[in-house]
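Asks: Read off the chains here:
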Amino acid sequence: MLGLAPRALSQSACLAYAPGMEHKPEDSALMLRYRDGDVAAFETLYRRHKDALFRYLLRLCRQRAAAEDVFQEVWGKIIKSRDNYRPTAKFTTFLYHVAHNCFIDHIRRNKRHGDTADIEPDSQPAGGDCPEMLVEKSLARRKLDVALRSLPDEQRDVFLLYEEAGLGLDEIAAITDCKRETAKSRLRYAVRKLREALDEPPEKA
Amino acid sequence: MSDKRINSDEPGDPRVSAAYREMADERPPEHLDHVILNAARSAAKPRWNKAVAWLRPAAWVATIGVCLAIVIEISLLPDPEPADFDRAVPAAVPPAATSPAAVDRLEKAAPRDAEPAAAKSVQKPARLPSEYSPGRSDEAEVSNRVRELRQQEALQEDTAPSTLLRGAPATSLAEEAVTERYCDETATADPNTWLECILELERQGLHEAARLERERLALTFPPPELP
Chain A
55 MLGLAPRALS QSACLAYAPG MEHKPEDSAL MLRYRDGDVA AFETLYRRHK DALFRYLLRL
115 CRQRAAAEDV FQEVWGKIIK SRDNYRPTAK FTTFLYHVAH NCFIDHIRRN KRHGDTADIE
175 PDSQPAGGDC PEMLVEKSLA RRKLDVALRS LPDEQRDVFL LYEEAGLGLD EIAAITDCKR
235 ETAKSRLRYA VRKLREALDE PPEKA
Chain B
184 MSDKRINSDE PGDPRVSAAY REMADERPPE HLDHVILNAA RSAAKPRWNK AVAWLRPAAW
244 VATIGVCLAI VIEISLLPDP EPADFDRAVP AAVPPAATSP AAVDRLEKAA PRDAEPAAAK
304 SVQKPARLPS EYSPGRSDEA EVSNRVRELR QQEALQEDTA PSTLLRGAPA TSLAEEAVTE
364 RYCDETATAD PNTWLECILE LERQGLHEAA RLERERLALT FPPPELP
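Quick mapping for you: the protein sequence lines, in order, are chains A and B.
Per my numbering, the very first residue in the first sequence carries number 55; after that it's consecutive.
Per my numbering, the very first residue in the second sequence carries number 184; after that it's consecutive.
Be careful, since some hints might not be right.
Claimed, not checked - No more than 20 Å apart at the CA atoms, straight line, and that leaves these computed lysine to aspartate or glutamate pairs for DMTMM-like: (1) K191/A x D207/A; (2) K238/A x E208/A; (3) K104/A x D196/B; (4) K144/A x E80/A; (5) K238/A x D216/B; (6) K165/A x D224/A; (7) K144/A x D207/A; (8) K131/A x D81/A; (9) K134/A x D123/A; (10) K165/A x D207/A; (11) K247/A x E208/A; (12) K233/A x E250/A; (13) K191/A x E97/A; (14) K191/A x E208/A; (15) K144/A x D196/B; (16) K247/A x D216/B; (17) K104/A x E209/B; (18) K191/A x D208/B; (19) K134/A x E186/A; (20) K131/A x E256/B; (21) K131/A x D208/B; (22) K247/A x E213/B; (23) K191/A x D216/B; (24) K165/A x D137/A; (25) K134/A x E190/A; (26) K247/A x D196/B; (27) K238/A x E254/A; (28) K191/A x E209/B; (29) K134/A x D216/B; (30) K165/A x E97/A; (31) K191/A x E205/B.
Because the hints were derived from the structure by calculation, they are not lab data.
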């Protein structure tokens, strides 16, 4: 115990100290700076979150064009709401709350949710692996993609908020307007189905 | 992102997360980046931030203060023009200004004579340089004065026959207003005593007073016209 304690202490110290060494301004501070007219702060904020938010919307909408529309709508709302922004919660929670609501509005407007899926899977994985590994990764991607599409909307939403936004259960529950245990249950079901899909033998996938 | 979480009751699976990380590499198109960033730039108007928020009320207070100071300063300035002129004119206007020739002389001499009055008003510190124009204002007032004298003279001419009939002296009200008498009424009752008074004034060196009294004597007791 005594011999392990210094190592544990040093690990926790590194974990606690590492974010401070990055000197990255927090999202809320960037948003407040943008509220005061600093456009560069918004650019930093946008580049920090755009990819994850786009993937979140792309998996929800299942159509690239629709995802682009909703993506633009979300950032437009963020820009418009800068005067009323108050850092009472994490900016990520605020951002994905807006995105979730925009997606709901998009479904109500179009009534086309779940019709087709035109997400083009990335057919060229990164190089450097042997052909067997590439094939195996490609199969895993395809299986996961299919499994993710087959998830119920609520479970997929919770899983994407968990993976893409990095939110906790409390924040996910707040965004999806459900209880924490409900969000936890949805996430557990989603992860289990995806794990089963990954574990399936190739011929069944 | 999920690997940063330390809450152990969250039902995540590292293998599923890793597989999803490998699959999820989509990015938004660049034209969307431009559209959104341009919208953000156009929405961020220059505004007063908190650091200089006090400048606007301070500017208003300073402006109002300067305006009040100017108004108070102007209200405290004295109004010297009419009083100074009234005091200066009796010395400047010649007493025998009742005749047209005298009026013309007064008109020519007025700007020169008005200069001391203007110099007096220059000594007053309250006058601003921008509003001080001694030549123009004094000349205008002198010309107004001359105009008044002419009007009074015209009135006198209208009433002259009746006064002549009554044998009254042809003096005008204006002359009475602007001239001073150096010989008293007992001396002016008789031409001889009046002339003695004039000679006495000349002996005392008061030539100007003697000249005025002589002119008044000539007006009061005109010499008989030769046939």
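Asks: Next step is simple, just say for each hint if it's right about the structure.
Replies: Status of the hints after comparison with the structure:
Restraint check for K191/A and D207/A: the C-alpha separation of about 26 Å exceeds 20 Å, so the hint is violated. Simply put, K238/A and E208/A have alpha-carbon atoms about 11 Å apart, close enough for the 20 Å limit, and the pair holds. Our distance criterion of 20 Å between C-alpha atoms is broken by K104/A and D196/B, whose separation comes to about 25 Å. The hinted pair formed by K144/A and E80/A meets the criterion: a straight-line CA distance of about 9 Å does not exceed 20 Å.
A hinted pair counts as satisfied when its Cα atoms are at most 20 Å apart, and K238/A with D216/B does not qualify at roughly 34 Å. For the hint pairing K165/A with D224/A, the CA-to-CA distance comes to about 29 Å; that exceeds 20 Å, so the pair is violated. Annotation: proposed proximity of K144/A to D207/A is violated, straight-line Cα distance about 24 Å (limit 20 Å). The hinted pair formed by K131/A and D81/A meets the criterion: a straight-line CA distance of about 16 Å does not exceed 20 Å.
Taken as a hint, the K134/A and D123/A pair is honoured in the structure, with Cα atoms around 16 Å apart against an allowance of 20 Å. For the hint pairing K165/A with D207/A, the CA-to-CA distance comes to about 14 Å; that is within 20 Å, so the pair holds. Of the supplied pair hints, the one linking K247/A and E208/A holds, its CA atoms being roughly 14 Å apart against a limit of 20 Å. In summary, the hint linking K233/A to E250/A is not supported, as the alpha carbons are separated by about 26 Å, beyond the 20 Å threshold.
Note on K191/A and E97/A: the hinted pairing is violated, with a Cα-Cα distance of about 34 Å set against a maximum of 20 Å. Annotation: proposed proximity of K191/A to E208/A is violated, straight-line Cα distance about 27 Å (limit 20 Å). Note on K144/A and D196/B: the hinted pairing is violated, with a Cα-Cα distance of about 24 Å set against a maximum of 20 Å. At roughly 35 Å between alpha-carbon atoms, K247/A and D216/B are farther apart than 20 Å, so this suggested pair is violated.
This hinted pair checks out: K104/A and E209/B have alpha carbons roughly 10 Å apart, not beyond 20 Å. The suggested pairing of K191/A with D208/B holds, with an alpha-carbon distance near 14 Å, which does not exceed 20 Å. Among the hinted pairs, K134/A with E186/A is inconsistent with the structure: their alpha-carbon atoms are about 50 Å apart, more than 20 Å. In summary, the hint linking K131/A to E256/B is not supported, as the alpha carbons are separated by about 55 Å, beyond the 20 Å threshold.
With a C-alpha separation of about 25 Å, the suggested pairing of K131/A with D208/B is violated against the 20 Å cut-off. Straight-line distance between C-alpha atoms of K247/A and E213/B comes to about 34 Å, which puts the hinted pair past the 20 Å bound. For a cut-off of 20 Å, the pair hint linking K191/A to D216/B is broken: about 30 Å separates their Cα positions. Between K165/A and D137/A the alpha-carbon distance is near 33 Å, which puts this suggested pair outside the 20 Å criterion.
Taking the CA atoms of K134/A and E190/A, the gap is near 45 Å; set against the 20 Å cutoff, the hint is violated. In summary, the hint linking K247/A to D196/B is supported, as the alpha carbons are separated by about 11 Å, within the 20 Å threshold. Among the hinted pairs, K238/A with E254/A is inconsistent with the structure: their alpha-carbon atoms are about 24 Å apart, more than 20 Å. Taken as a hint, the K191/A and E209/B pair is honoured in the structure, with Cα atoms around 17 Å apart against an allowance of 20 Å.
Proximity of K134/A to D216/B is assessed by CA-CA distance (about 17 Å); at most 20 Å being required, the pair is judged to hold. A threshold of 20 Å between alpha carbons decides the hint, and for K165/A with E97/A the separation of about 33 Å lies outside it, so the pair is violated. With a C-alpha separation of about 8 Å, the suggested pairing of K191/A with E205/B holds against the 20 Å cut-off.
Checked against the numbered hints above, the structure breaks hints 1, 3, 5, 6, 7, 12, 13, 14, 15, 16, 19, 20, 21, 22, 23, 24, 25, 27 and 30 and satisfies the rest.
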